[in-house]
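Chains as they are written, first to last, in the working numbering: chain A, 97 to 364; chain B, 2 to 249.
Because the hints were derived from the structure by calculation, they are not lab data. A portion of the hints provided could be inaccurate.
Listed next, the in silico SDA-like pairs over lysine to any residue satisfying Cα-Cα at most 20 Å (straight line) [to be verified]:
id, chain 1, residue 1, chain 2, residue 2
1, A, Lys214, B, Asn3
2, A, Lys318, A, Pro139
3, B, Lys14, A, Phe233
4, B, Lys20, A, Lys218
5, B, Lys246, A, Glu197
6, B, Lys47, B, Lys188
7, B, Lys159, A, Leu155
8, B, Lys188, B, Glu50
9, B, Lys14, A, Asp231
10, B, Lys246, A, Lys235
11, A, Lys130, A, Asn116
12, A, Lys235, B, Trp79
13, A, Lys235, B, Gly84
14, A, Lys230, B, Lys14
15, B, Lys14, A, Glu197
Chain A side only, calculated, beta carbon under 8 Å to chain B, not exhaustive [unchecked claim]:
id, residue
16, Lys149
17, Leu155
18, Thr158
19, Ser161
20, Arg177
21, Asp186
22, Phe201
23, Val204
24, Thr271
25, Arg272
C-beta atoms are modelled at their ideal positions from N, C-alpha and C, and glycine is treated no differently.
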Amino acid sequence: MIKRKIDSIISVSKLSKKYNGFTAVDSISFSVRKGEIFAFLGPNGAGKTTTIKMLTTLLSPTSGSISVNGFDPKRDQNDVRKSFGIVFQDPSLDDELTARENLDFHGVLYSVPSDVRKIRIKELLTFVELWDRKDSFVKTFSGGMKRRLEIARGLLHHPKIFFLDEPTIGLDPQTRNKLWAYIKELNKKEGITIFFTTHYIEEAEKVADTVAVIDHGKILTKGSPVQLKQETASTTLEESFLKLTGHEIREEEGTVVDRMRMFRRHRK
Amino acid sequence: MNTIYILWLRQLKRFIRSKARIVGSLGQPILFLFALGFGFGPTFAKAGEGNYIQFLAPGVIAMSVLFSAVFFGIEIIWDRQFGFLKETLVAPVSRFYIMLGRTLGGATVSCIQGLIVLLISTVAGFRPVSILGIILALPIMFMGAIVFTALGTAIASKLEDMHVFQMIMNFIIMPLFFLSGALFPLKNLPPALDVITHLNPMTYAVDGLRAALTGTSHFSVITDMGALTGIAFVFLLIGSYLFSKIEL
């Protein structure tokens, strides 16, 4: 128990978030070991993104405590922010800038010195196979290319933790495979802790060391994929996922952002 | 410092690259200059007020600066909707610097637009009194632009989508413009209008520009510049406070 405490890079205790009466995250506790790949698995609207937002200082919790790389997102915001890189669920690039300019912007914000920045940008863009498109505007990129660019960007300041919020949503299987290959390689070679959310069971099963199943703002269970299957007496993780979360289809309220995106797509 | 610079640079790059926006934003000032300028010109001259284009041009320049400045502030809503705001908000830098960088960028770009309109107004027959006047007009434009970019930022920090944009235009921006003395002289106004125009920050931008460019004005340049600087300071404080409170 004590050893686990020392090794954990993220620890969360009794964390809750309430929005006018609605409880999005309901007193969850968990910890992530240094260097592991940790998956938050849950259906739409389970509270995954809300949790990530609280871990990454974008949202302040209603109650509970968080420690990220030894810092408290409430008090030591900038120390927490320096510790992680993130790929958000929705695109967050500036379309009017080139791939390189987007990375450069990021590097400046994270005070990566300009000579180091140059080297790393080349390294990372080569790594995600976008170096030959470095001077193209991001608006000309496909969804998969944007994702790869966001991964490169999130790694530019050499974070200790890498958050990925539903990183493979809307990507074809080829891109998806490639993406996980990058991420696993990173985890292995650099020892970066990976924290990702997904509702694809096979992703959690294939990639993660530890899976936490979350639904209705609560963590139902956590463990290695093998443990989870044993626990629920299931042959596949999908079966145990459905046993845990039920068969009911979830409705997620469309946000303004979704509507805007639809509108934008229709116009094109 | 670098943070402020890179955000400023981003605004500038985005501006230079969107040709449609530059051309689009010039339509309104040109219309005002030519339609109102030549339409009201004869009446204005008959009333003994002199050349209307000469009076109107600083007002229209101030208008284009104001509109674009507010727009650059409000652009945060856009960044929020297309996700880029998140990227800046998780970065380990003070939100005040982010807001300041954006504001300075927006103000710079607005001044460039103001200068383009100044150039166009010379085609309509406007004649600035001196080169020195044009140089003096720059800080006035810039301070006015900061005021309104900060105002836009403050408003946008509280809003989630662009649907309210029309409302902001009609209930905040248009009144600020029409009640500023950009289109009519400030003397002998009905008392209510007199009070409103004196409380309107835009009034001081218009008057300051008129003082610099034509040598005639209602207040003194010192009053105008002082008022704008004071208001800029207050709006920057409010704007950065609201900006720092944004949660996504």
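Hints, one by one, checked against the model:
1. Lys214/A to Asn3/B: Holds, because 16 Å separates the two Cα atoms, which is no more than 20 Å.
2. Lys318/A to Pro139/A: 15 Å, holds
3. Lys14/B to Phe233/A: Judged against 20 Å, a Cα distance of about 12 Å means the pair holds.
4. Lys20/B to Lys218/A: Given pair Lys20/B, Lys218/A is violated - Cα atoms ~30 Å apart, limit 20 Å.
5. Lys246/B to Glu197/A: The hint is violated at about 28 Å.
6. Lys47/B to Lys188/B: Distance of about 17 Å is within 20 Å: holds.
7. Lys159/B to Leu155/A: Distance of about 15 Å is within 20 Å: holds.
8. Lys188/B to Glu50/B: Answer holds: Lys188/B to Glu50/B is near 11 Å, not above 20 Å.
9. Lys14/B to Asp231/A: 14 Å, holds
10. Lys246/B to Lys235/A: Violated - the C-alpha atoms of Lys235/A and Lys246/B are around 30 Å apart, more than 20 Å.
11. Lys130/A to Asn116/A: Cα-Cα ~35 Å, so violated.
12. Lys235/A to Trp79/B: Holds, at about 15 Å.
13. Lys235/A to Gly84/B: Given that 20 Å is the threshold and the Cα spacing comes to 14 Å, the pair holds.
14. Lys230/A to Lys14/B: 17 Å, holds
15. Lys14/B to Glu197/A: 10 Å, holds
16. Lys149: 7 Å, holds
17. Leu155: 5 Å, holds
18. Thr158: Interface hint status for Thr158/A: violated (12 Å vs cutoff 8 Å).
19. Ser161: 19 Å, violated
20. Arg177: Check passed: Cβ of Arg177/A comes within 4 Å of chain B, closer than 8 Å.
21. Asp186: Interface hint status for Asp186/A: holds (5 Å vs cutoff 8 Å).
22. Phe201: 6 Å, holds
23. Val204: 4 Å, holds
24. Thr271: 19 Å, violated
25. Arg272: Since the shortest Cβ distance to chain B is 21 Å, the answer is violated.
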